[in-house]
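Enquirer: Protein chains in written order, with the numbering used here: chain A, 1 to 411; chain B, 1 to 470.
Nothing false has been slipped in among the hints.
Distance condition first, Cα-Cα at most 25 angstroms in a straight line; then the derived SDA-like pairs of lysine to any residue:
{"#": "1", "chain 1": "B", "residue 1": "K351", "chain 2": "A", "residue 2": "G178"}
{"#": "2", "chain 1": "B", "residue 1": "K62", "chain 2": "B", "residue 2": "R51"}
{"#": "3", "chain 1": "B", "residue 1": "K62", "chain 2": "A", "residue 2": "L120"}
{"#": "4", "chain 1": "A", "residue 1": "K369", "chain 2": "B", "residue 2": "Q132"}
{"#": "5", "chain 1": "B", "residue 1": "K62", "chain 2": "A", "residue 2": "H130"}
{"#": "6", "chain 1": "B", "residue 1": "K351", "chain 2": "B", "residue 2": "V409"}
{"#": "7", "chain 1": "B", "residue 1": "K425", "chain 2": "A", "residue 2": "A10"}
{"#": "8", "chain 1": "B", "residue 1": "K62", "chain 2": "A", "residue 2": "V376"}
{"#": "9", "chain 1": "B", "residue 1": "K62", "chain 2": "A", "residue 2": "L69"}
{"#": "10", "chain 1": "B", "residue 1": "K314", "chain 2": "B", "residue 2": "P333"}
These are calculated hints, taken from the structure and not from any lab test.
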Amino acid sequence: MTVDALTLNALKDVAGVPSHPLIFLILGVVTFTLHMVSVQVMLGAAGLTIWGAFSRDRHWRRLAQSMLLTAKIAVSIAIVLGVAPLLFVQVIYDPFWYVSNVLSAWWVIGFIVILIFGYLLIYVFYGLNHHLATEKTRCPGSMILSLLLLLVVGFIMHVLVQQMLSPDLWMSWYAPAGAIDASGTGLHDYDLFRFAFFVSLSTLVIGAWLIAYRRYVGQRADARELAGYLDWVRTLAVRLSLIGGLVSLLLGLAWLMTLPERHAAAIPVVLSLIAMTAILIMAIAPSLLGKRLESAALGYGVMGLTTLAILLTAVAREALRWNILQGIFGYAPLDYRINMDWYSTGLFFATFLIVGGLTLGYYLGVAWKSGQSAGVYTPSPALDRLGTLSISVLVLWIIHFFAVGFWIWMQ
Amino acid sequence: MELIGLYPTWFEPMVGSGWIVGIIATIHVLASHTSVGAAIFFAALATIAYRRNQPELLDFIKRYGLFLLIFSYVIGSITGPGIWFSTTVASPRGISALIHSFVWKWAAEWVFFVIEVVGVYLIVYLVGRVDQRTHLRITIIFGLAAYATMLVIIGILSFMMWPGKEAWFEQGGYLYGFYGANTFAQLAMRTAFMFTMTAVVGGIVAGSIQDPAFKRDMVRRLAWLGIVSSIAGAAILFWYVNTLPEYAHLVMENRLPEYFLPAMLGVLGGILVYFLFTLAMPRRLVPALAGVMALAILVFGLWPGEVARESIRKPYVAGQYVYSNQVIARDVPGMGISSEIPLLEEQGFLKTHVFIPDELREVTPANAERVGHALALVACSNCHSLTHTGMRPLAHYFGGNTDIDDIKVYLQGALATGNTLYMPKIPLTDAEAEALAVYLANLADPRVAERYAARHQGLAAADAPHSHLE
Chain A
1 MTVDALTLNA LKDVAGVPSH PLIFLILGVV TFTLHMVSVQ VMLGAAGLTI WGAFSRDRHW
61 RRLAQSMLLT AKIAVSIAIV LGVAPLLFVQ VIYDPFWYVS NVLSAWWVIG FIVILIFGYL
121 LIYVFYGLNH HLATEKTRCP GSMILSLLLL LVVGFIMHVL VQQMLSPDLW MSWYAPAGAI
181 DASGTGLHDY DLFRFAFFVS LSTLVIGAWL IAYRRYVGQR ADARELAGYL DWVRTLAVRL
241 SLIGGLVSLL LGLAWLMTLP ERHAAAIPVV LSLIAMTAIL IMAIAPSLLG KRLESAALGY
301 GVMGLTTLAI LLTAVAREAL RWNILQGIFG YAPLDYRINM DWYSTGLFFA TFLIVGGLTL
361 GYYLGVAWKS GQSAGVYTPS PALDRLGTLS ISVLVLWIIH FFAVGFWIWM Q
Chain B
1 MELIGLYPTW FEPMVGSGWI VGIIATIHVL ASHTSVGAAI FFAALATIAY RRNQPELLDF
61 IKRYGLFLLI FSYVIGSITG PGIWFSTTVA SPRGISALIH SFVWKWAAEW VFFVIEVVGV
121 YLIVYLVGRV DQRTHLRITI IFGLAAYATM LVIIGILSFM MWPGKEAWFE QGGYLYGFYG
181 ANTFAQLAMR TAFMFTMTAV VGGIVAGSIQ DPAFKRDMVR RLAWLGIVSS IAGAAILFWY
241 VNTLPEYAHL VMENRLPEYF LPAMLGVLGG ILVYFLFTLA MPRRLVPALA GVMALAILVF
301 GLWPGEVARE SIRKPYVAGQ YVYSNQVIAR DVPGMGISSE IPLLEEQGFL KTHVFIPDEL
361 REVTPANAER VGHALALVAC SNCHSLTHTG MRPLAHYFGG NTDIDDIKVY LQGALATGNT
421 LYMPKIPLTD AEAEALAVYL ANLADPRVAE RYAARHQGLA AADAPHSHLE
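Kindly generate the complete structure, drawing on both the sequences and the hints.
Expert: Dropping the structure here:
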């Protein structure tokens, strides 16, 4: 049987979706962007840590120490932010995601184990190198292996996403010559240019991150003593943005130009051009801005705009998937049957916007300000009020949970 | 042709896909419950530390927090989505059923999880760097957000067992699926036991405290936490069991060994003895002892508990409408869901399953064993290994019987009619039953399929001129 629109629609979940599918599509793209930016910060920071760990240059070693902490936290953030796109892809692209996963089941399980080891190895390196800036590097192999393992899990994820795009080949992977292979040991499809493109964006992103880092550290009380280091960081950041951005551009073009013939017509030309232009702008902008990067608006703005470039890239990526799955195979995510559930839809957005907004606003505000303060930091009354408000909304959320729950239970 | 949305199957012959899900889930339960309990414990400790000016408690929070960064926020935060990954490959329609009913609940949990992850870093790294009130606020927010993650997941776990209210089947909607007596009993039980795990794992940190007086103080605090929570948990366990539906009790009586409940109470007794020991002799607590205890809880407490929870919802895997073999087993009018059983009874798996190779859609003497294998993969392998290793090997259930007709009678009499407790109803057409019987007989004697093919091809050859003459 060929896998066509009929079969793909048969695989949709029988329960339907609890809100309009477009909402899940948008949330999927947005949260994928946040996940990718943190992954790219993580990869970039890990790369700079390794480079610095082998260097004797004092600036490099100081940067390596900072980037080690960045990489360690970025892995956490990448994992937690990765949960959301993983959730949303299962809602509207479930037929593709589940088939792709089952066909490579052992790799899916391997993803979990390899990621745990990759992450733990960062802690091993961190535990051995608390004073990387001033002391000799111990066990650099742990950090190198960690980065390699993180790339391996990235590649597994890439394959799972890539396999989604070829439902016409699923049966040949699952039952070659009619003999079912249920072992789940195969990795059936990959696109090295595509994978390399997303990995290479880490150089562009870490360049923008360093510009923000330079600005942030430049506001600290001890900034004057670090003037030479901060200038060096700016030069490095500008260089990384330029080189990384141009390499990404080339790899992105190579990816699109080498798409299999059956997918080539699905390229979203306009969206791809917009994304590529955004990458190009973010590659050259820091070089053109020079010293003006030291202002608050540009110092942090470059990171914001680079995130926007990644968002545009994510939109183009989604459009490509959409065009392949709908245009070629007739699968329409927006036709998913809706079992509208207003309560849970409203509760999520209230949780996301109110609880998440207030609480994370407070957390990040405290983290930001305390990082720039010397000695013990005491927040402003406004930030204090935000903290009290955060606790209040969390308590209200929990009270609401029990109130609604008991009411339903007693019915 | 009408199709049903069954996915390809992953078959793991060594331990079985169910065990792999179970291993990942059990590790996650230990890591996540510990962190939620610890988050609330931290809030309480920080309050005491600032009110009574006991900065050493903050030091303990920092050390325990650092330990949790690895234990819960590396292992726990990866095995969390790891459960999704493993259930995706082991039971795609099971996880899909949960995702499609509770996506917004999981998304809300994600918000709390982000707060939790940011919070743990702030708690650890901002001790002494922000004023006391601010650190306390950070800690309280962390505790509340962590507990909110548990509130969210509890309802989904309860739904896996049984939708909260019977009305869900008729009216649908998230609320009737999420809330019920079992939701709250399970919440209370897990709340109690999460503190038990916090106390045990906290012993790994407390055991390494150098200052004897502070060590005694912390170990005793943890011991009391452990004693109270394990006694409360044991009491709530009975409430939890009483909220289980009648069918689950029937399965428990018939499928769980008689010693299961006494054994679980014995494990709780052992935990209690451990805490009484550390209460009486706090100096004797060393990280290795606490580590062994945590491992013992994982192996002797959590693992059997999770396996039992898995068992008593059989033959369903989610919401009492998705069978463990992924077939939609009943109508749920409230969600617009129709049972797939009637279609399977009419047309069978071979005609309706998307991922059956074309050459196996018709049963012939030559391919009967291969078709049987495909059917066993689809209908049986989620719970029964197709080899002699792994989970409940299928071959062990037929006593070495190689009589195809005998096996076929069982398949059509007991299995296809749904008259076996704990087993799903597995409708099979006559040809499918025959093919599956050939496969099962062939497991006992690998020459059966060949003989069957030869005999039936011979019969066909003998019949051919006869038919021709007619």
